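Undergrad: Once you have looked at the hints, place chain A on chain G.
There are 2 protein chains.
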Amino acid sequence: MKEYEVYEFLKSYGIQTPQYKIFDIDKKLFFNKFPAVLKILSKKVTHKSDVGGIRVGIDSNEELQLARNEMVLSLQKNGIFLDSEDKFIVQETVRGEEFYIGGIYDDIFEEVLLFGKGGTLIEIEKDVCYIDTASEESEILKSFNTTKISKIFPKFRGKEYKIEYVLDVIKKFQKLFLKEDIIEFDINPLIYIDSGFIAVDARMKFGKPNKKRKKVRKYDIFQNKKIAIFGATDKKDKVGYAIAKNSLKSSCDIYFVNPRLKSLFDKKVYSSVEELPNIDTAIIAIPSRLVLELVMKLAKKGVQNIIIVSAGFKESGNKELEEKIKKVADDFGLNIIGPNCLGIYDSSKNLNLTFASDNILAGDIALISQSGAVLSALLDKAYSHSIGFSHILSLGNMVDFDFTDAVRNLQNKNECKFINIYAEGLQGGKEFLKAIRESKKTVFIYKTGKSTEAKRAAFSHTGNISGDYEMLKSLCYAAGAVIKDDIEELVFSPKFQNFDEVLIITNAGGPGTILTDIVTQSGKRLYSLQKEEIEKLNRVLPDTWSKNNPVDIIGDATSIRYRKTLEILYSEKILIFVIVTPQYMTDSLNIAKILAGYKNIVPVFFGEENFKDVFEYFKKDGILYFNDLENIKNIL
Amino acid sequence: MKEYEVYEFLKSYGIQTPQYKIFDIDKKLFFNKFPAVLKILSKKVTHKSDVGGIRVGIDSNEELQLARNEMVLSLQKNGIFLDSEDKFIVQETVRGEEFYIGGIYDDIFEEVLLFGKGGTLIEIEKDVCYIDTASEESEILKSFNTTKISKIFPKFRGKEYKIEYVLDVIKKFQKLFLKEDIIEFDINPLIYIDSGFIAVDARMKFGKPNKKRKKVRKYDIFQNKKIAIFGATDKKDKVGYAIAKNSLKSSCDIYFVNPRLKSLFDKKVYSSVEELPNIDTAIIAIPSRLVLELVMKLAKKGVQNIIIVSAGFKESGNKELEEKIKKVADDFGLNIIGPNCLGIYDSSKNLNLTFASDNILAGDIALISQSGAVLSALLDKAYSHSIGFSHILSLGNMVDFDFTDAVRNLQNKNECKFINIYAEGLQGGKEFLKAIRESKKTVFIYKTGKSTEAKRAAFSHTGNISGDYEMLKSLCYAAGAVIKDDIEELVFSPKFQNFDEVLIITNAGGPGTILTDIVTQSGKRLYSLQKEEIEKLNRVLPDTWSKNNPVDIIGDATSIRYRKTLEILYSEKILIFVIVTPQYMTDSLNIAKILAGYKNIVPVFFGEENFKDVFEYFKKDGILYFNDLENIKNIL
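The listed protein sequences derive, respectively, from chains G and A.
Be aware that the first sequence starts at 137, since it is given in my numbering, and climbs by one per residue.
Be aware that the second sequence starts at 137, since it is given in my numbering, and climbs by one per residue.
Isolated chain G, as found in the complex (with noise of 0.2 angstroms):
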């Protein structure tokens, strides 16, 4: 397609382009949109500018004239003769702030644009952002806030700028893409004139992308409550063994079956699916061999969702196998979870359908997670500082049931709270999007694969490809997700999302500086005191305290003037930092003890051998502390 027919093809979307006209080689040139150029159209040139081919700021027609006859002049010198096939075309030159729109056809994502500052240098700049075709208004400006060109809107150096400008051009070229078969596209530079966003340079690949759509899913996999666990077993170092012990305090009817077994923890064991009565869901913990077999049986009786825990399928070099697995799920319609996964947990029935840990307390959390042993570490880590699950989906291999089937399926439960993801890789990223977007609850992600060679070493290690991180945080967020840097985040960060103020007590300045830093960079506000309680504080605290948030109370404070200083600033809307630092005069464990009563206070002892017996004291109750500074950001 040569420039002007991309033109043509941009303003059938609406889209300005510059006026040209284009003319017969022997034919008088006439312009009336100054300054403009002049380019040569032959299929004799290939780089116009290397034989005189293009003129630039010609500011009249007469100089028009001129720059034709000096061109055709210099095209002969460089042995070019025109014929009556090659022609003239006259173009406008735009002038304004240089803008960048170009799209791409992602095997994850499907179209995505990208927008943002244009120009020669934009390799090198790349302040640019991700924009996802069903983006509306809100989410397209979040996604432009998150550039820094966007700063100039809606003005800047006297000049004004028009956010509707900016939404006009991508929704056109959010249709456009939908609507034809690009591969990809770059408008560099897109001008912001007066009158919106005008395409100059422009460059489209057109083709038939590969575009790959979800089937409908029926069921959800937390509508069950007659349960079979094949592979049951009484031999301890089995899976089997543990997702039958876990599964029995549950308010669901369990089923054990196992051919080779009559009786397991005093209940009867069945030998096959025929034995069974009528299930609405089988979590399987027998060799890989065995899996399909049994698959196939399962959909057959009507089983809605089936967890295959075994492994030995797609990550050990075994794709046939997991392939014929998923055409099961795809031509059933049901829920496939796993394979190679570690079982799934429901707060509301009680329901530990995993061999992960029999030490999961009930919370706000629903916890999903591609990798086994992240989520294994994840649940001892969050026990130990009394954090409860609402819901957990280890997903393994994600042959079938993957993270949008998961969000969805979270919405109508009361119980959770906040949706966190482990992700390696994706599939389906339109509708992984769509999903956050809709999502009633906070979605937080973390994404592993950032570097490339950690996407190697995640590739090797799943068999998926984990995708472009730039692109996925980028279009993730504004969709609504919360994305997260530490992994230890997925299982603190919920806690305190309320809490918009912070207030830091701190018998030391240092320490008090430092997570000041961390907590505004995170974006919490620091408390304001009143006036009223600065006099209160005047009375108890020494003459030198700090008289403002962090509020230092000074290295010789004893838990006395602890207690004081949380008497008089204590408030449940605000998330309360208390600093210690091993002083002489500290009586750690003492402090220790009135922090533990207050529910939105995090004790902060920094230090380590001087407060081991703090420490024991705050694990024994389950108490979520730092001995740190920086990790504190895991829970902002």
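Hints in this document: simulated from the structure, not taken from any laboratory.
Take these hints with a grain of salt, some might be off.
When chains are identical, the list treats them as one kind, so a pair holds in a single copy or across two.
Claimed, not checked - Straight-line alpha carbon distances no greater than 20 angstroms define the calculated SDA-like cross-link-like pairs of lysine to any residue that follow:
no., residue 1, residue 2
1, Lys769, Thr588
2, Lys700, Tyr149
3, Lys385, Leu250
4, Lys284, Ile258
5, Lys354, Ile260
6, Lys291, Ile260
7, Lys381, Pro395
The structure displayed is predicted, hence computed values, not measured ones.
TA: Okay, now just chain A, sitting in the frame of chain G:
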């Protein structure tokens, strides 16, 4: 100064400026460098562009006459009638990539240059670096390479960019800034052309900055042998007790001073300065109101180093008293450390003159801290991880002896390999940069006060203004320091500095991927497995092992498999992380015992509850381990 006068000023330093010519109002205009711009020079005109007093894009002398006539008409329309005092200026238009150079006189670092991308968007792009006027070529390049615009050197989109031009123009401005009395200046744009950089728009603010010069220091704080402790006491709740007790192990001559005591720890206690023999160092732990008189006496006695641990000075609003002490240091040319500090430590003499901790191990880190509380906490952490120190300096209010002195005093100490600084506020920035530049030891810096709120907190706490963090970071980095973002890195960072390559052994893919991200982001490389190593591993590991680094030895790995893997891969030259996640078969304590034997293996037991025995075991032997992943960055 008019713009063309600034041009002449810049030319006198060899800096290129655009060609221009000034014409009386009645003279015929003639110029020979096009495109050009015509401007009016008149006291009657303040905003040229509002009254048609500027015309751009002039390509020939004919156009120049036309532009002049049009300008005169336009000015008349605006009520401006030119007379013999007014002049025209014609100036060449310069085209090329736009850069920026500026300078500010900073309170801490004095003359500082800024250099980077120019243009109208400079405030929002902020693609600039800071350069000290004393920086030489390698330092200038180090700083410039932190900008994005540096990536167009040496070639971008077919055009060559010469880095010599960058060095040349910066050196000229360094010279100019040091020689002239300038408060600040801006050259934007500074345009890159074929012959170098040319300063186009220039603004200079002249004035006499208030320069402070530092005194020359005579004594080395660690060259001490005869030490008196003022305030040594038998009262256990006093810091004078702790200092006296901690000092006993030293090989120095220690003298206790306390008029109310005869003996302490079986040593004689002196009653006054007068009674004491000659000493080189005094440490003072007596009430603040008595300190000045004592310091005077000590100075007159010829003492070289005075360490004031007593509090109650600037931090309590007692600024005047502190000023008087500063004057003694200046008048007598001696070192005063503190006040309001914890003391000093020197491993070479086993000298612990602190009340911070009696648990300090000898090692190769010199730790220098402005905050006593932070120092205490770090020492506490270090001890529990068997990390030792060559020297410790608690600087407190830093009335006299500062970071610069500390860095210089440590240069000839063989025990010290790393100089790790915790800074809240700096003084004498140019001297500090010089000390870093000349340092033969690696200097690590953690600086608080990144956010506005934290700067305010630090101010109320130490009374020191903390300065601009970005400037400090950029200048110290270029001078050769390593800037740290996590305070615990001051303790952990040096341990594995000498390793460039990293090997990861894991029983789970997910954590291996996460750690790969962390390792590569730190700048270290993943070790590439050799062909023979892969073959050997194939013989001892299950088929599904990763065949790559991270070496995923699969979830069912027991200590035997960990041991076999290490027998094949262990090397003293590689930093090795061994990740253990709590899986069904994991005999974690046995694995821990295998790992404990190696100095360059860091155990990563990712979990909590399940590994309690492992953590107890490591703690008992002071072995550095991790129970999370993200904090591993602190040692990379």
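Undergrad: Compare the structure with each hint and give your call.
TA: Status of the hints after comparison with the structure:
1. Lys769 with Thr588: Cα proximity of Lys769 and Thr588: across copies only (18 angstroms, versus 26 angstroms in one copy).
2. Lys700 with Tyr149: This pair counts as neither: shortest intra-copy Cα distance 68 angstroms, inter-copy 65 angstroms.
3. Lys385 with Leu250: neither (51 angstroms within a copy, 67 angstroms between copies)
4. Lys284 with Ile258: both (13 angstroms within a copy, 11 angstroms between copies)
5. Lys354 with Ile260: neither (47 angstroms within a copy, 50 angstroms between copies)
6. Lys291 with Ile260: between (26 angstroms within a copy, 13 angstroms between copies)
7. Lys381 with Pro395: within (18 angstroms within a copy, 74 angstroms between copies)
Violated hints for the displayed structure, listed by number in ascending order: 2, 3, 5.
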